[in-house]
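Participant: Hey, can you work out the whole structure from these sequences and the hints?
Protein chains: 2
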Amino acid sequence: MHSDLSAPSRRDLLTMIGKAGGGLAMYQAMTALGHAAETQFTGPPQLSGAKPGASVLVLGAGLAGMLAAYELTKAGYKVQVLEYQDRPGGRNYSVRGGDKIVEVGGATQTVGYAPGNYLNPGPWRIPHHHRTLLHYAKAFGVELEPFIQMNHNAFVHRKGAFGGKPQRYKELATDFKGHVSELLAKSLNAGALDSAVSKEDKERLVEAMRDWGVLDGNLAYTGDLHVAAQRGYDKAPGGGVGGAPTPSKINGLSSVLDSNVWTQMGFFFSYVMQTTMFEPKGGMDMIGKGFYRQVAKLVRLNTKVAKIAQDERGVTVDWTDTKTGQAGQSKADWMVCTIPATILSQMDLQVSDAKKAALKALPYSNSVKIGLEMKSRFWEENYSIYGGHSFTDQAIGLLSYPNFDFFKDRPAVLLGAFAGGAGGYQLAGMTPEQRIQTALAQGEVFHPAEYRAQFLNGASVAWSRIPWIMGCCATWSEDSRARHYQDLVSLDGRIVLAGEHASYYGCWMEGALLSSLDAIKRLHARAMSS
Amino acid sequence: MHSDLSAPSRRDLLTMIGKAGGGLAMYQAMTALGHAAETQFTGPPQLSGAKPGASVLVLGAGLAGMLAAYELTKAGYKVQVLEYQDRPGGRNYSVRGGDKIVEVGGATQTVGYAPGNYLNPGPWRIPHHHRTLLHYAKAFGVELEPFIQMNHNAFVHRKGAFGGKPQRYKELATDFKGHVSELLAKSLNAGALDSAVSKEDKERLVEAMRDWGVLDGNLAYTGDLHVAAQRGYDKAPGGGVGGAPTPSKINGLSSVLDSNVWTQMGFFFSYVMQTTMFEPKGGMDMIGKGFYRQVAKLVRLNTKVAKIAQDERGVTVDWTDTKTGQAGQSKADWMVCTIPATILSQMDLQVSDAKKAALKALPYSNSVKIGLEMKSRFWEENYSIYGGHSFTDQAIGLLSYPNFDFFKDRPAVLLGAFAGGAGGYQLAGMTPEQRIQTALAQGEVFHPAEYRAQFLNGASVAWSRIPWIMGCCATWSEDSRARHYQDLVSLDGRIVLAGEHASYYGCWMEGALLSSLDAIKRLHARAMSS
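Protein sequences appear in the order of chains R and A.
Using full-length UniProt numbering, the first residue of the first sequence is number 1, and each one after it goes up by one.
Using full-length UniProt numbering, the first residue of the second sequence is number 1, and each one after it goes up by one.
Among the hints, erroneous ones may be present.
No copy labels: a pair is met if it fits in one copy or bridges any two.
[Claimed, not checked] Each computed DSSO-like pair below joins lysine-lysine, with the alpha-carbon atoms no more than 30 Å apart:
#1 355 - 521
#2 281 - 408
#3 297 - 74
#4 281 - 138
#5 355 - 159
#6 159 - 74
#7 408 - 297
#8 199 - 159
#9 360 - 165
#10 408 - 138
#11 51 - 100
#12 249 - 323
#13 304 - 249
#14 375 - 138
#15 297 - 307
#16 74 - 199
#17 375 - 281
#18 375 - 202
#19 307 - 100
#20 159 - 307
#21 360 - 199
#22 138 - 235
#23 331 - 355
#24 323 - 202
FYI, nobody ran anything at the bench for these hints, they're computed from the structure.
As the structure is a computational prediction, the values presented were derived from the model and not from experiment.
Facilitator: See the structure below:
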């Protein structure tokens, strides 16, 4: 509607420039328009004119594979997609009541969530600058809602701080900047930085410290009502005769340092974590389902790839149908392979030794998510916490509060663990039931009165034990990146790899999509010139 | 639903304690449960047992008046509400297409927004700790959605900084904390703070500065990729062969100080501005309408109060019907008067000289909001700004981007000014058309390519020129508060005042509600003992 009212958008302009001058001209135009820094996405690829009958085999119906299938079909290729699982989406999925989670080793969970409730075991939040994902989500009719990333009123917990008692983020962060400001103002006034800062900047900086740190007339950080207007009150402002507030008591520098709160303060500043973030309404799998609606007829589910070969005429894949046991073979001119490196590195794959070495050298992170269904949203009513995360240095890593259905009187799924590193391995080594018990024991530090009383049931996904990936996502080190990355992404004969592991946005859907776009552009160029 | 599953909530527990031990016991219990600091709200008042036939006249059908009417009716009083306007809600309202805005002096605007679009001229955001408002919003079926208060990707503009070119908040804020961290780390290592900080804390603080400030190995703030992972990239990470990002260039300390960015950084830390915030779906007036559904049959609209008198038997109000010109009189035993001090101080009112002096001494802020309807949400597509505010030191104060209908292809209303202080008076002194032109001229600094091209129409509300209030909201100074506040809120014979002006939460709906609850509790106590 109202399309008659629309002036040409910047995107339209860029598309025109791109068509006229190509990618570099477009990038330069984007830079001039102040747009480039956010993304390498320049709009959907303008591929066309595939040679008559040219075909592409895509392995994997995750986001990278489905995007490749979608855009290559538009370009004129005959595309088939082979997918191991009985559903599309790959790591883009949501776990709902009745779903089964089967792990390596056989442990099986049947999820007990109420209808409408879910856990997003993989991706769960979308930065505002992941424009490839935002573009296709809109194009495919996926509705997004805000993901409350930052919550000043959630907790920070560290076993060695405040006797193990969680503190509100707003209190610690206000205290941290208060003490930092006081100390810097002191240094400046003592002349300690006179060689580093001009006289004028010194004066401005002292005033900045006073204002930003909420320092008093003596440039001291004290617990007055001005400070309370940031960190909160002992008695909040009210109405009528007893309305006067009283300030809260600040924490000393040592206690604040115990809390490591600057880690969380820095986290909120991460480019990929900054506001505004989004999530799909109804579960992250709405994205995968949106993609699938475009390519469903091209996808063969339940298809386990055994062998990938290529020669000068094309690619050949031997596979087995996991439902019927039937063996089969698919052939095409070209291939986009999105199978994760953890699996692909173990397969019979006809590519260069360098690419094989790259696949083997690429470590995947572990990660465990645990979704605890609670009888009610007690964190809202009793703690005034609406979305966002409470952080801890226990194995569970954090609690994350649901960002939808606020205020509703029905059971809700709380993310009771998002564990990486050592904590992730610790939880992954447990049985599913042990994980739930651990999550309850560690999580109740935040909500002792309610946590166990309100618990209904839980489900966990330990990525290192999920048979179709055996890990969470690619974590290139600087060293492995320097040695192997270009070998991994290079077009190898008739085969190109794509996925988050073939990007500089590892572990993000945006990386999978940008990788896919880059891969198919190069594949198309070679196909046209061959 | 699922109420059979619910364990007793903390609120239930507090209610039980309150019934058994009264307000102080409840407050102590709340403190013990870590709940008190957030609010003075302890649940709906448990008033009951009004004397048979006892009556209350409420003046004003804003939130304070309607809440008083609702709770006093529940307590057994016969209540009548007189309201000057032809609608309930007072400053809680939304301006929509077709609405007329009439100012003192006669200037009249007819709003041209498309169906579904609106401007909230008064309250527009709800802190998560405003539990009175949240309680009644839920009780009255008002659906709330997140209000994106903080947006790292919005702009900061200051006429004297960066040659007048707006900068992204994330860039300035990252640079600010980078420079602050570097300078404090330097001071610490130079021993400048050895007398203020223990050796152990000093070492921890240096590490905190390194981490929080993203300093390099030499504790310097430089524009490396680690810094870019917060402030953004020159070329963002991507996929495939060209995926490697390049860092952005940091700003020097002097430029960052030019920007005053710490003002915004501190703003986001304000207790009343912290995440998570909410707004009603469909417009702020959904709150007023929710209250009105409870008390509509008690309210007489279009009723202009001329004289308020009281004696030992009751209160008497002389009024005129503004539609018919008919004069009338209402009588009751008691009165809750929520008429703003700006108006009430000019009326024939029979209260103590001290209360009259308080009403006259109370200054109201000015404020101007301007809602600009734009053809499309270009700030999303072209700038990756989804909700939140871009700040400026021009008269308009800020732009605020709508927090609903993200990604939708239809006209949207951008808040093109939220001006207070000198800027507010400047805009209020203009004609409505001049205000729009000024808002366009000042706002286009943020979005030069689109601002005028996408503009459809605009509407403004200059509170100092709105006849039924002649100001925005009460702004007690410390001095006026000390001298007059208790006189203003005191129960004067049979009359008690309520509203945001009778609270320590001036300018917030929560203040109006808490004031109302306090007022009716005291009124009920006197009515029961008289």
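Participant: Tell me the hint numbers this structure goes against, listed in increasing order.
Facilitator: Failing hints, ascending: 5, 6, 9, 11, 12, 13, 16, 18, 20, 21, 24.
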